[in-house]
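Enquirer: Dock chains Y, H and S against chain E, hints included.
Protein chains in written order, with our numbering: chain E, 12 to 342; chain Y, 12 to 342; chain H, 12 to 342; chain S, 12 to 342.
By construction, these hints were calculated from the structure, which means they are not laboratory data.
One or more of the hints may lead you astray.
Unchecked claim - Between beta-carbon pairs, the in silico distance windows are: (1) H:Pro225 x S:Glu302: 30 to 40 Å; (2) H:Pro124 x E:Arg159: 36 to 46 Å; (3) Y:Glu172 x S:Asp224: 20 to 30 Å; (4) S:Asp224 x E:Arg159: 48 to 58 Å; (5) E:Ala299 x Y:Ala174: 52 to 62 Å; (6) Y:Ala299 x H:Leu283: 45 to 55 Å; (7) H:Arg128 x Y:Glu197: 19 to 29 Å; (8) Y:Gly58 x S:Gln161: 30 to 40 Å; (9) S:Arg135 x E:Arg337: 31 to 41 Å.
Glycine residues also receive a C-beta, built at the ideal position from the N, C-alpha and C atoms.
4 protein chains.
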Amino acid sequence: MMFLSDNAAAVHPNVWEAMRAADAADSPYDGDVPSQRLDAAFSELFGRECAAIWVATGTAANCLALATMVQPHGGVVCHREAHIEVDEGGAPGFYLHGAKLLLAEGEGAKLTPATIRAAIDPIRDDVHQVQPHAISVTQASEYGRCYRPQEIAAIGALAKERALGFHVDGARFANAVAFLDCSPAEAIGSADALSFGCIKNGAMSAEAVVFFDPAAADIARYRRKRAGHLQSKGRFLAAQVLAMLEGDLWLDNARAANAAAGEIAGACGDRLLHPVEANELFVRLTPAEREALRAQDFGFYDWGADAARFVTAWNSDPADAAALARAISGL
Amino acid sequence: MMFLSDNAAAVHPNVWEAMRAADAADSPYDGDVPSQRLDAAFSELFGRECAAIWVATGTAANCLALATMVQPHGGVVCHREAHIEVDEGGAPGFYLHGAKLLLAEGEGAKLTPATIRAAIDPIRDDVHQVQPHAISVTQASEYGRCYRPQEIAAIGALAKERALGFHVDGARFANAVAFLDCSPAEAIGSADALSFGCIKNGAMSAEAVVFFDPAAADIARYRRKRAGHLQSKGRFLAAQVLAMLEGDLWLDNARAANAAAGEIAGACGDRLLHPVEANELFVRLTPAEREALRAQDFGFYDWGADAARFVTAWNSDPADAAALARAISGL
Amino acid sequence: MMFLSDNAAAVHPNVWEAMRAADAADSPYDGDVPSQRLDAAFSELFGRECAAIWVATGTAANCLALATMVQPHGGVVCHREAHIEVDEGGAPGFYLHGAKLLLAEGEGAKLTPATIRAAIDPIRDDVHQVQPHAISVTQASEYGRCYRPQEIAAIGALAKERALGFHVDGARFANAVAFLDCSPAEAIGSADALSFGCIKNGAMSAEAVVFFDPAAADIARYRRKRAGHLQSKGRFLAAQVLAMLEGDLWLDNARAANAAAGEIAGACGDRLLHPVEANELFVRLTPAEREALRAQDFGFYDWGADAARFVTAWNSDPADAAALARAISGL
Amino acid sequence: MMFLSDNAAAVHPNVWEAMRAADAADSPYDGDVPSQRLDAAFSELFGRECAAIWVATGTAANCLALATMVQPHGGVVCHREAHIEVDEGGAPGFYLHGAKLLLAEGEGAKLTPATIRAAIDPIRDDVHQVQPHAISVTQASEYGRCYRPQEIAAIGALAKERALGFHVDGARFANAVAFLDCSPAEAIGSADALSFGCIKNGAMSAEAVVFFDPAAADIARYRRKRAGHLQSKGRFLAAQVLAMLEGDLWLDNARAANAAAGEIAGACGDRLLHPVEANELFVRLTPAEREALRAQDFGFYDWGADAARFVTAWNSDPADAAALARAISGL
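This is chain E alone, in the form it adopts within the complex (with noise of 0.2 Å):
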């Protein structure tokens, strides 16, 4: 009964399935006709005219995304614990040439004007120091939180006020708009480009970069072929992202994944270190008690100390998350 992560679970039927009728020769990269409905689909899905492309991961997603938006001389905002600050590898360094995470606070890993203003206002306006060229933040959270769609808005107008590009890490974008019964506009304000994740959510290998300005999109697509990331039989990956909006697999995922955290959530009761809003939950337990967990059989990460992390996903099986929640409320 494991409670990992989402990022290895099993892939969808549905997207195997995409996948093998991808499988006839096509044109390759991305000329194949999977990849040239992308543009359409996510357009319909955000009421407005964008670009998407495909890639393999959601750290390269998120750099292409922000490549386009900082010169190789400035800087990203985004939180301290943000996955492109802290588990990425270094790969913003790599792909902005240098470019600096200029590191924000915040509430359950989630910014907000005033710390961003806090992060920014001190740098002096003059060469010796990194000038900020955009936000970035991660809907859900690193720690599953969400930004309602009045916080996203807010944090889209500062960057407009300060002529910042806008970036939003959406690696489980599905789970928060699945939690905010939003539109996935709404989930993203006026943000210039959005990482939306599926591999989490029951893809093997397909992210999407969505990019509201088409000019960004044309540069990106010459980054991601520089960055060998354009797969010549890239049709698996875009027949990948179609399944996963084709009849809103990806909300249908997200849902499940959500209740079974929900489920699990209810029996933590105070033990929760954050409101589980998505499909995270980080709970205080006590090295004894996380023994006693595994004991029966439950896998999950250590949270510092004195806690853990438990992540569902598509696939978590009701019966395994009410096992959890039981074994939770029994300690």
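Expert: Frame of chain E, contents of chains Y, H and S only:
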């Protein structure tokens, strides 16, 4: 009847099967069982200790390999028509942080010790000129020509003599080994790293980079993550590579492609611009002749004004190859 | 009697004097009075608004200029023998973050619209090939040849037509303008930026980069700091540049160097490999002849097996030039 | 009466004299006589073999030194308030090709083995997090605090234990050694490279980078050229550095600056935010007090809302220092 390229061909059934078998959740990234088997599988194949990592494209494979040999202020000797120079969108400049490609000549897009020396001996040994740090050759070359074991050994010896790294781009390594009928080890000589191509040969989205120096592989693992190429469901890539190695599928597939190319070559006579050794044919054909072939439903690329390129694949239908041979004979 | 290079010649007395006059403490970096005068001085020189920054070397000047025009995934068209390609130790690869130099041909190391087109027209307009973002020419060229106003205008027109940036490397711009006897503005046409050389022409350690787009200068100021080129006692660099402009010292110095070169050229007849327009001579001389000249205490570099390069400087003694002329005549 | 900074002070007469003496043409770049003397001069100063290169700024010195120790995918441990983090416009990101600064704490902007460990021990030893490759300390620190020999030795020992490079930013190294009254060697311990500052201490435009590993110096020479920092009239930079070393001018100048700072410090009592060890004073002063001092014609920078920074220089007039001391006493 498609002879456009092998790079978008269908995926071999064994590869599909191995991918399906890998569906059950396993450790993320490359902690899974199939990924952990790669080192041993390639050590056996090459008869010496090596370390291997998967990656999604040949471009990434080449660049990650070179990045272990070349400092940012150095250069890579390669053929003027090498893929890394001509067709990778500047990826080497990105991955090597501005290092330079130092272009050399050679018939059939093959380097020789003499052409390498001709390229590097005039470089003044001072800080004003970019010094070579590595040599990269393509086996089989961009014109489908194969380095004989003694040829590759001679280049390896030169690399050692000059203290240069030595990389083999093996996007079509299987076709080369199938043609040379030698051991894989003989086909790369003293190379420090090999891009072992699978995608053109029946895989979907996995190449391997094989390092004969474990320290280099360690660096490459960091660089792979930093380049956004460490997929969380990496087991699906490892499974593809292992399926290609299993029972020598990689060689069987290459032999089939080579055989189809040979069948067509037999009909081309002195139309051939290059001897056909692997699975590519460069054939002198007037515009009218090309039109005639296309009217018979053959697909291929023009190669300049007076020639065409045909590429066979692991699944080229022998009947199609025979039909093309007849059509060319009949021109 | 040294004709090795102008790049290590003594510093002109006026430059020394200006530097001494700048000794008293002033604002650091480029907040000092002399630095603040640069924009106006160059705006007057070129008869239109421009922004100018000092920098310590021609390599940094060229690269900072180009970095405002070329994205990391793009390329710069330059001559195969351009300084940025041959003699800057890979600096463009560093400053442009891996962008590529796209090499073009042209007699006397001068590009023409035709040779530029020949270099870029074959580049497929797709992500697999590096697209040109800028053109860089050298005025005077590496062989001391000067672009006539109409020639430079034609290249500028091509740059505009193709939406490319246009940079002029003017390491010996003074010698070119002295030869062309035209206005500085005519000698650069519609260039977006000029590396205005001073060091080879009597300064110690200051070149200027002149930007005709103020937004580009703003970027270059950040990039200059980021490259460690923003000196805290920048007033000493500004003073050098202003001293060169004052009373047209830059042109007087260049005329003296050109005159010395002309004196020598008169004795060379058909030994000249290139017409002498600026202050460099490329002279066919056998090894024995070169030995004979060196025996008479003339210093110069060999230029391949059968020629020599002589360079005159602002302070070349006319008597030395006459002596060299006589010695060559007497061979 | 200027106490703004030492970074724009006048040039010492001995330095001027040495520069004038270097005027006669010599070999370009660093082939000249003064440049060739640097290695020996610093080897004598430090009592062991070393190799030294000149460079025009402290930023370039720091970055070239670090580039020999840190791979692009690695990180540099430095203090949160280190110059490389705060005031170099992102130069480390540029020179290190995206490597990351890993921030550590410490009183007075000084690191300790404990604060370094606190910064790096939590870094997971996997490819998802940037691993430390080097430690950089500033001697004297950004608050004018000096590492005692045993303190620097302890950090050096930690660097060795963890196989990290060890760099000392010595922009005000002279002031530190003058304060510590130890040998230069003791002041850097087992550092691999030192940025030996001259500009703040009476030079015009030359710092030295001293490498205790000759292989590192070789790499740095290539990187210096590649960064556009190899000046063709490099003899003028070498002459400055040698003039500073000659007769221990560097120490005499630093002692004068330190003495002036000490004079002022004596009047500051518990207004001092940091003990005064070198030539910088951070003094608690209300806005009104600062206004009063400025009305008496003292120049200095505000340091936050309630303090001011005063910096003395090699040429601070003792009378001015005494006057400032009196003025502060009289507040």
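Enquirer: Hint by hint, say whether it matches the structure.
Expert: For each hint, the structure was consulted:
1. Checked against the hint of 30 to 40 Å, the pair Pro225 of chain H and Glu302 of chain S passes, with Cβ atoms roughly 36 Å apart.
2. Between Pro124 of chain H and Arg159 of chain E the CB atoms are about 57 Å apart, so this pair departs from the stated range of 36 to 46 Å.
3. The supplied range of 20 to 30 Å is met by Glu172 of chain Y and Asp224 of chain S, whose beta-carbon atoms lie about 25 Å from each other.
4. The supplied range of 48 to 58 Å is met by Asp224 of chain S and Arg159 of chain E, whose beta-carbon atoms lie about 55 Å from each other.
5. At about 57 Å, the CB distance of Ala299 of chain E to Ala174 of chain Y agrees with the hint of 52 to 62 Å.
6. Against the hinted window of 45 to 55 Å, the Cβ-Cβ separation of Ala299 of chain Y and Leu283 of chain H comes to about 51 Å, which satisfies the hint.
7. Between Arg128 of chain H and Glu197 of chain Y the beta carbon distance is about 46 Å. The supplied range of 19 to 29 Å is therefore violated.
8. The supplied range of 30 to 40 Å is broken by Gly58 of chain Y and Gln161 of chain S, whose beta-carbon atoms lie about 54 Å from each other.
9. In this structure the hint that Arg135 of chain S and Arg337 of chain E lie 31 to 41 Å apart at CB holds, the actual value being about 32 Å.
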